[in-house]
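Number of protein chains: 2
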Amino acid sequence: MSGARNLSAALRRARVPRPRIALRPTSSQTPLPTTAARSFTVSSTVQATKEIKFTSDAYPNVKRNPNFAELTPDHVTYFKELLGSQSAVIDGVSTDASDDIEPFNSDWMRKYRGHARLVLKPQSTEEVSKVLKYCNENKLAVVPQGGNTGLVGGSVPVFDEIVLNTSRMNNIRSFDQASGVLVADAGVILEVADQYLAERDHLFPLDLGAKGSCHIGGNVSTNAGGLRLLRYGSLHGSVLGLEAVLPDGTIVDALSTLRKNNTGYDLKQLFIGSEGTIGLITAVSIQCPPRPKAVNVAYFGLESFDQVQQAFLQAKGQLSEILSAFELMDGRSQRLVQEVTGKKQPVEGEYPFYCLIETSGSNAEHDMEKLEAFLENVMSEGIVADGVLAQDETQFQALWSWREGITESLSHLGGTYKYDVSIPLSELYQLVEDCKQRLTEKGFVGDDDSFPVRAVVGYGHMGDANLHLNVAVRRYDKEVEKAIEPWVYEWIQKRQGSISAEHGLGIAKREFIGYSQNDTMVKLMKQLKNLYDPNGIMNPYKYI
Amino acid sequence: MSGARNLSAALRRARVPRPRIALRPTSSQTPLPTTAARSFTVSSTVQATKEIKFTSDAYPNVKRNPNFAELTPDHVTYFKELLGSQSAVIDGVSTDASDDIEPFNSDWMRKYRGHARLVLKPQSTEEVSKVLKYCNENKLAVVPQGGNTGLVGGSVPVFDEIVLNTSRMNNIRSFDQASGVLVADAGVILEVADQYLAERDHLFPLDLGAKGSCHIGGNVSTNAGGLRLLRYGSLHGSVLGLEAVLPDGTIVDALSTLRKNNTGYDLKQLFIGSEGTIGLITAVSIQCPPRPKAVNVAYFGLESFDQVQQAFLQAKGQLSEILSAFELMDGRSQRLVQEVTGKKQPVEGEYPFYCLIETSGSNAEHDMEKLEAFLENVMSEGIVADGVLAQDETQFQALWSWREGITESLSHLGGTYKYDVSIPLSELYQLVEDCKQRLTEKGFVGDDDSFPVRAVVGYGHMGDANLHLNVAVRRYDKEVEKAIEPWVYEWIQKRQGSISAEHGLGIAKREFIGYSQNDTMVKLMKQLKNLYDPNGIMNPYKYI
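Quick note, the sequences are listed as chains A and B, same order.
Every letter in the first sequence is one number past the one before it in the working numbering, and letter 137, counting from 1, is 137.
Every letter in the second sequence is one number past the one before it in the working numbering, and letter 97, counting from 1, is 97.
Don't take each hint at face value.
Since the list can't tell identical chains apart, any single copy or any two copies may satisfy a pair.
In the BS3-like style, the derived pairs of lysine-lysine whose C-alpha atoms are separated by at most 25 Å in a straight line are [to be verified]:
1. 442 / 344
2. 526 / 133
3. 478 / 133
4. 343 / 53
5. 482 / 442
6. 139 / 80
7. 130 / 523
8. 526 / 436
9. 529 / 53
10. 344 / 130
11. 482 / 436
12. 63 / 139
13. 529 / 63
14. 133 / 442
15. 494 / 482
16. 418 / 316
I should point out that these hints are in silico values taken from the structure, not numbers from a laboratory.
Same shape as in the complex, but just chain A (with noise of 0.2 Å):
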């Protein structure tokens, strides 16, 4: 990468006296850059809407409840008056609004499409509550939507379910500069909740691709994991607070902004990562940690996956409360990113794997004296072959652009198989080699248009032994998933792995839910579901 630190000469300059400059901006301005160059919107994908498959065809196991009610003239009445504005219907049963609604009936994956005929887009936690009531009361179904940018399916309706869309519920409702506490309406997109504490001096403690469209609403009902996860931790601890609406319209107005509340069963918990299949989530608490003054990436090319273990334990011990992001990506999945973006691979020379390293602190200096020892000693110890570390902004997005652009590159060579697992650290890139050898086996991969797989890619948040496993292919072909699933799923339920780390169930995985939950614990979900939402009206067909 032109300008880009290479490591090797960096190493050489540790070794003589070194100038103490940063060399990335401290502004507190600017600590972290914003992310609209590395966010994909969902847009551009939607003229294309209707070639997708509906999911309905796709698992045709899946049947429509028949104890829902079918949408009449009678309630898009009843919708339009209570809510209002024009805006917030749009209607499908009495007019022909099927281009209108086409964007919100399906996914930007191109995967998932429903027959939704009625789009809501209530604009307060009183107009959801008022709209599932009656709908608990009519039997009619519900999709829960924010961003919409799931890769499960999670918030596409599979038949005829209304889409209760939040991106009219997008204030901000306090911050507290003093405790760091956000108080935000579910319809916030990420990016502008992130920017609304960049300019107070504070950061959203997640961050995900997709940051420019999705909703902190679906973020939390999903408990999105994403890339600082390593630091931050996860949104069962920094969400202090919710507020949601019951199927039977039941405001549940939990949205303490403290951060000790020991007054009672912690009833959030249950909303963050229910994908809204016991209520809508229509505002969120959270702690929100100081903007780091000081963010460093390094990026580099390892020789094995037992190196990228080494550099990992590595990290953790020297770079400690420093570290933000350690993330993986194999060789496959970074040639894909190349041959679709036309750019420069960042370091010369091909390599197995690549790791994205990214510090956050409040001394510039001292992170990037704790980078450089570390750096210095994985180059040493010959764990790590090569590297550049970001000298600046646009090479920090340039770096990051590596790691982030997977996913939108993989989505334009066709489709996709996702699988997001977790899975002990020492086998995590062995799912990887064993599917790909898998698919070989069976003829399916090749580098002409015959064969079905284009690539088996491993790439993912490494801190967190999070996988994604992608088989890249020039068609869904069902031959190709049944190579893959169950064999998938067993693979990671002998290892006591996870099959969904951070995506979710949707519908893409409601079936392979006892792959990593015994049958006590699937009882006991079901029994939660049924207990708020006994007409099962909330986002069906999915998650159990």
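We have chain A; now place chain B onto it with these hints.
Relative to the frame of chain A, chain B by itself:
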């Protein structure tokens, strides 16, 4: 404090080039001090148990639930056969074992005392399952008990509940060096777990004064907060999995060791902080951070609460990722410790407020540089009046003892009305002032024995906006109690605070949950309690 480094001297030194030496031992074997010296033990207060008033007398409106069966010798025979070992059953039903049972019948504060006649100490999850199943079928009420170090009477029986004590379930099941995940039985003592981790360069992400006695199962079931929540987050974030037994004997095996696992409702969260009311936690899986290589402690005096707030904001900004504790102690609390221990206070002169700051990091030199810059800043701006910096392990312990010794010192002076509350930071200390004024106006506060109230003191975890309001009394007095309650709860409710930040509800606060939770939340909580414990046998008369 003799030998400790005075900050004024430190400041003068800070102007000239500083020798880069670590002021604390940096050996990975003993980076954080063990807390044997600073932990209290429960046993010392046991001999006088019989003088403690029965809870049933102190709370005459709490009546024994007539649906519960009375224990018979037949029940005892069943448990003896089931648990086998002599040491597993203390039988006060068939025999007079009251001397042996009394320690389990009361709490270390000598505030709560039950009428239990049977103590069971199962040694495995299966035994717990069989015990609870039998109790549920026979309508025998149960009180789960770990180290019995609670402050709200949660682990002490009220009437004749069977004490289900976890002390014999005390094995560490596994520890994974690469991920830092510890799996241990509920009855492992917190300090034992932490020492085990210390030998493996890791840290238990929770620390509190009762460390030498409390069980990790009890910590999780009460969602303990403690001294370093500011740094390591709440147990809702760090607990990765748990194993628990429901009242009907169902074993909930959710003992995942994965950092990320989005496969269904996160049921384990319900047990965290549920105080044994829906089941008994038998094992815990928890994410443990690397043990910091360098730990520093500073203690200083300040002239006003406004300056305490300024110091805290400066610490958050400047110490940021290495700040591991910011504790507040008022002048009265420190004089009480001085009176009881006879020790010389760490700083000369009297101040209305004292703070203890701890940093934990991976590089002693960097940490000291940050700490010195912070201290230079707060002293040159006149925020901090005077202070000391620990120079070695002994001084580290000594400084912490001024914070951790408050609870025990108070217990030597008579009784204490304890309120553990969350309040927005700006008004945190106002509660102490207002309470003192109220009790003084009522003529309760004075220096000689004719006054029931000795002192109104405040201390706590500034970093979490968590205040411990303690009214030290020469004798428990209903008039004093009436002057404090519900006034104190109304005061907190007006500020949207929490009436229990970290100590929980137990029996002490069961009536007052309405001050921090609305009716809907209480209704939903009762619904959950009924779902999991329809007979209400788990820790009755408490919580909600």
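*Is the C-alpha distance from residue 418 to residue 316 at most 25 Å within one copy, between copies, in both cases, or in neither?*
So residue 418 and residue 316 fail the 25 Å test inside a copy (28 Å) and across (40 Å) alike.
*Given a CA cutoff of 25 Å, do residue 529 and residue 53 count as a within-copy pair, a between-copy pair, both, or neither?*
neither (29 Å within a copy, 44 Å between copies)
*Which holds for residue 526 with residue 133 at a C-alpha limit of 25 Å: within a copy, between copies, both or neither?*
both (21 Å within a copy, 22 Å between copies)
*asked:* With identical chains, the pair residue 139 and residue 80 could be close in the same copy or across copies; at 25 Å between alpha carbons, which is it: within, between, both, or neither?
replied: within (18 Å within a copy, 54 Å between copies)
*Check residue 482 against residue 436 for me: Cα-Cα at most 25 Å, and say if that holds within a copy, between copies, both or neither.*
within (14 Å within a copy, 72 Å between copies)
*asked:* Regarding residue 133 and residue 442, is the shortest C-alpha distance of 25 Å or less found within a copy, between copies, in both, or in neither?
replied: Neither: 52 Å inside a copy, 51 Å across copies.
*Should residue 344 paired with residue 130 be assigned to within, between, both, or neither, using CA atoms and 25 Å as the limit?*
Neither. Shortest intra-copy (54 Å) and inter-copy (64 Å) distances fail the 25 Å Cα cut-off.
_Intra- versus inter-subunit Cα pairing at 25 Å for residue 529 with residue 63_ = Result: close within a single copy only, 19 Å intra versus 35 Å inter.
*asked:* Treating 25 Å as the Cα threshold, decide for residue 494 and residue 482: within, between, both or neither.
replied: within (19 Å within a copy, 60 Å between copies)
*Is it within, between, both or neither when you check residue 130 against residue 523 at 25 Å Cα-Cα?*
between (31 Å within a copy, 20 Å between copies)
_With identical chains, the pair residue 442 and residue 344 could be close in the same copy or across copies; at 25 Å between alpha carbons, which is it: within, between, both, or neither?_
neither (34 Å within a copy, 78 Å between copies)
_Reference check for the pair residue 526 and residue 436, CA-CA at most 25 Å: within, between, both, or neither?_
neither (36 Å within a copy, 51 Å between copies)
When each numbered hint is compared with the structure, violations occur for hints 1, 3, 4, 8, 9, 10, 14, 16.
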